[in-house]
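> Just need the whole structure built from these sequences, with the hints factored in.
Quick note on the numbering used here: the sequence shown kicks off at 136 and runs consecutively.
Hints listed in this document are in silico derivations from the structure and should not be mistaken for laboratory results. Any given hint might turn out to be false.
Taking CB as the label site, the calculated pair distances span [said to hold, decoys possible]: (1) Ala254 <-> Lys147: 31 to 39 Å; (2) Ala175 <-> Glu244: 16 to 24 Å; (3) Thr295 <-> Gly245: 32 to 40 Å.
Beta carbons: idealized from backbone N, C-alpha and C, even for Gly.
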Amino acid sequence: MGENRLCFKADKTLIQLGTEQDVAPDGTTQYYAWYEMLPAAETPLPANYVVKAGDTITASLACASACSARTQKWRLTMSNQTENWTWSQSFSYASSMLSAEWIEEAPYEGGVLPLADFAAASFSAAGGVNNGQTPSLVLSANGIELEDPWGQTSAPSSATSLASFDACWGYTTFASCPTP
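Here it is, written out as C-alpha coordinates:
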(Lines of atoms letter the chains of each structure in order from A and count residues from 1; the text may use other names and numbers.)
(Lines give C-alpha, C1' and ligand atoms only; values in the text may rest on other atoms or scores of the structure.)
Protein backbone atom coordinates (compact mmCIF):
# COMPACT_ATOMS: atom_id res chain seq x y z
CA MET A 1 0.00 0.00 0.00
CA GLY A 2 1.47 3.35 -1.01
CA GLU A 3 0.67 7.00 -0.68
CA ASN A 4 -0.95 9.16 -3.32
CA ARG A 5 0.86 11.97 -5.13
CA LEU A 6 0.10 14.28 -2.19
CA CYS A 7 1.87 11.80 0.15
CA PHE A 8 -0.85 11.58 2.72
CA LYS A 9 -3.56 9.16 1.66
CA ALA A 10 -3.02 5.42 1.51
CA ASP A 11 -3.65 3.86 -1.91
CA LYS A 12 -4.46 0.16 -1.91
CA THR A 13 -4.19 -0.21 -5.69
CA LEU A 14 -0.92 -1.34 -7.22
CA ILE A 15 0.06 -3.41 -10.24
CA GLN A 16 3.58 -4.85 -10.25
CA LEU A 17 5.53 -7.12 -12.54
CA GLY A 18 9.12 -8.19 -12.43
CA THR A 19 11.59 -10.93 -11.67
CA GLU A 20 12.76 -12.51 -8.44
CA GLN A 21 16.07 -14.11 -7.63
CA ASP A 22 16.35 -16.20 -4.46
CA VAL A 23 19.33 -18.02 -2.95
CA ALA A 24 18.73 -20.75 -0.36
CA PRO A 25 21.12 -21.26 2.60
CA ASP A 26 22.60 -24.27 0.74
CA GLY A 27 23.47 -22.04 -2.26
CA THR A 28 20.79 -23.25 -4.67
CA THR A 29 19.18 -20.49 -6.71
CA GLN A 30 15.73 -19.87 -8.06
CA TYR A 31 14.83 -17.28 -10.73
CA TYR A 32 11.34 -16.50 -12.01
CA ALA A 33 9.11 -13.81 -13.48
CA TRP A 34 5.85 -12.73 -11.80
CA TYR A 35 3.04 -10.18 -11.67
CA GLU A 36 0.89 -8.92 -8.80
CA MET A 37 -2.27 -6.84 -8.50
CA LEU A 38 -3.03 -5.88 -4.91
CA PRO A 39 -4.65 -7.16 -2.80
CA ALA A 40 -3.99 -10.48 -4.60
CA ALA A 41 -0.72 -12.30 -3.98
CA GLU A 42 2.16 -12.51 -6.47
CA THR A 43 1.49 -14.83 -9.42
CA PRO A 44 4.53 -16.51 -11.04
CA LEU A 45 4.56 -16.74 -14.84
CA PRO A 46 4.36 -20.32 -16.14
CA ALA A 47 7.61 -22.31 -15.90
CA ASN A 48 8.27 -22.12 -19.66
CA TYR A 49 9.09 -18.40 -19.21
CA VAL A 50 12.65 -19.10 -18.06
CA VAL A 51 14.68 -16.45 -16.21
CA LYS A 52 18.42 -16.85 -15.56
CA ALA A 53 21.12 -14.71 -13.96
CA GLY A 54 22.27 -11.95 -16.32
CA ASP A 55 19.17 -11.97 -18.53
CA THR A 56 17.95 -8.72 -20.04
CA ILE A 57 14.28 -8.26 -19.10
CA THR A 58 11.82 -5.60 -20.24
CA ALA A 59 8.51 -5.16 -18.44
CA SER A 60 5.65 -2.80 -19.17
CA LEU A 61 2.06 -2.20 -18.25
CA ALA A 62 -0.43 0.02 -20.02
CA CYS A 63 -4.01 1.02 -19.49
CA ALA A 64 -5.56 -0.26 -22.70
CA SER A 65 -9.16 0.96 -22.34
CA ALA A 66 -11.55 2.77 -19.98
CA CYS A 67 -8.56 4.46 -18.39
CA SER A 68 -10.60 7.07 -16.55
CA ALA A 69 -13.33 4.69 -15.36
CA ARG A 70 -13.41 2.90 -12.04
CA THR A 71 -12.35 -0.38 -13.68
CA GLN A 72 -9.72 -0.26 -16.38
CA LYS A 73 -8.35 -2.84 -18.81
CA TRP A 74 -4.57 -3.26 -18.25
CA ARG A 75 -2.09 -4.95 -20.59
CA LEU A 76 0.94 -6.46 -18.81
CA THR A 77 3.91 -7.46 -20.96
CA MET A 78 7.29 -8.93 -20.10
CA SER A 79 10.06 -9.90 -22.53
CA ASN A 80 13.31 -11.73 -21.94
CA GLN A 81 15.65 -10.76 -24.78
CA THR A 82 18.29 -13.26 -23.62
CA GLU A 83 15.95 -16.28 -23.57
CA ASN A 84 13.87 -14.97 -26.52
CA TRP A 85 10.37 -15.03 -25.01
CA THR A 86 7.52 -12.57 -24.53
CA TRP A 87 4.56 -12.95 -22.18
CA SER A 88 1.53 -10.66 -22.39
CA GLN A 89 -1.89 -10.74 -20.76
CA SER A 90 -4.79 -8.33 -20.21
CA PHE A 91 -6.58 -7.85 -16.90
CA SER A 92 -9.47 -5.78 -15.60
CA TYR A 93 -8.34 -3.86 -12.53
CA ALA A 94 -9.51 -0.75 -10.66
CA SER A 95 -6.43 1.43 -10.17
CA SER A 96 -6.23 4.92 -8.74
CA MET A 97 -3.51 5.61 -11.37
CA LEU A 98 -1.77 7.94 -8.88
CA SER A 99 1.76 6.53 -8.95
CA ALA A 100 4.39 4.69 -10.94
CA GLU A 101 7.37 2.94 -9.35
CA TRP A 102 10.58 1.25 -10.48
CA ILE A 103 11.88 -0.92 -7.65
CA GLU A 104 14.95 -2.94 -6.67
CA GLU A 105 14.01 -4.35 -3.27
CA ALA A 106 15.13 -6.85 -0.67
CA PRO A 107 13.20 -10.13 -0.63
CA TYR A 108 10.77 -10.85 2.18
CA GLU A 109 9.83 -14.16 3.75
CA GLY A 110 8.71 -13.82 7.36
CA GLY A 111 10.97 -10.75 7.52
CA VAL A 112 13.34 -8.78 5.31
CA LEU A 113 16.04 -11.03 3.82
CA PRO A 114 19.50 -9.87 2.69
CA LEU A 115 19.62 -7.96 -0.58
CA ALA A 116 21.80 -9.82 -3.11
CA ASP A 117 24.77 -8.07 -4.73
CA PHE A 118 23.12 -7.12 -8.03
CA ALA A 119 25.88 -4.58 -8.89
CA ALA A 120 23.64 -2.25 -10.94
CA ALA A 121 20.13 -2.53 -12.35
CA SER A 122 18.96 -0.24 -15.14
CA PHE A 123 15.48 1.27 -15.28
CA SER A 124 13.78 3.41 -17.91
CA ALA A 125 10.43 5.11 -18.34
CA ALA A 126 11.10 5.79 -22.01
CA GLY A 127 7.87 5.30 -23.88
CA GLY A 128 5.93 7.07 -21.22
CA VAL A 129 3.95 6.65 -18.08
CA ASN A 130 1.18 9.12 -18.83
CA ASN A 131 -0.40 8.83 -22.30
CA GLY A 132 2.95 8.10 -23.94
CA GLN A 133 4.69 11.09 -22.36
CA THR A 134 8.09 10.46 -20.78
CA PRO A 135 7.90 11.56 -17.14
CA SER A 136 10.20 14.12 -15.59
CA LEU A 137 12.06 12.30 -12.82
CA VAL A 138 14.03 14.13 -10.17
CA LEU A 139 15.53 11.31 -8.15
CA SER A 140 16.85 13.61 -5.47
CA ALA A 141 13.18 14.29 -4.74
CA ASN A 142 11.62 11.03 -5.93
CA GLY A 143 14.35 8.43 -5.36
CA ILE A 144 14.37 6.22 -2.30
CA GLU A 145 17.43 4.50 -0.84
CA LEU A 146 17.12 1.08 0.77
CA GLU A 147 19.17 -0.39 3.60
CA ASP A 148 18.33 -3.87 4.83
CA PRO A 149 19.00 -5.11 8.40
CA TRP A 150 22.30 -6.73 7.29
CA GLY A 151 23.82 -3.56 5.82
CA GLN A 152 23.19 -4.18 2.11
CA THR A 153 21.99 -1.04 0.32
CA SER A 154 20.43 0.09 -2.94
CA ALA A 155 20.75 3.70 -4.12
CA PRO A 156 19.45 5.34 -7.31
CA SER A 157 21.55 7.40 -9.69
CA SER A 158 20.39 10.68 -11.12
CA ALA A 159 17.99 10.35 -14.02
CA THR A 160 18.75 11.15 -17.63
CA SER A 161 16.49 13.42 -19.69
CA LEU A 162 14.88 10.25 -21.08
CA ALA A 163 13.86 9.14 -17.56
CA SER A 164 16.47 6.37 -17.32
CA PHE A 165 18.39 5.67 -14.14
CA ASP A 166 20.34 2.91 -12.41
CA ALA A 167 20.07 1.46 -8.92
CA CYS A 168 23.43 0.40 -7.43
CA TRP A 169 24.13 -2.14 -4.68
CA GLY A 170 26.33 -1.31 -1.74
CA TYR A 171 27.36 -2.70 1.62
CA THR A 172 27.38 -0.66 4.86
CA THR A 173 27.31 2.59 2.82
CA PHE A 174 25.22 3.80 -0.09
CA ALA A 175 27.19 3.28 -3.29
CA SER A 176 27.76 6.24 -5.54
CA CYS A 177 25.65 5.35 -8.55
CA PRO A 178 26.66 7.14 -11.77
CA THR A 179 24.03 8.47 -14.18
CA PRO A 180 23.66 5.99 -17.08
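> Hint by hint, say whether it matches the structure.
How the hints compare with the structure:
no., hint, verdict
1, Ala254 <-> Lys147: 31 to 39 Å, "holds (34 Å)"
2, Ala175 <-> Glu244: 16 to 24 Å, "holds (18 Å)"
3, Thr295 <-> Gly245: 32 to 40 Å, "holds (38 Å)"
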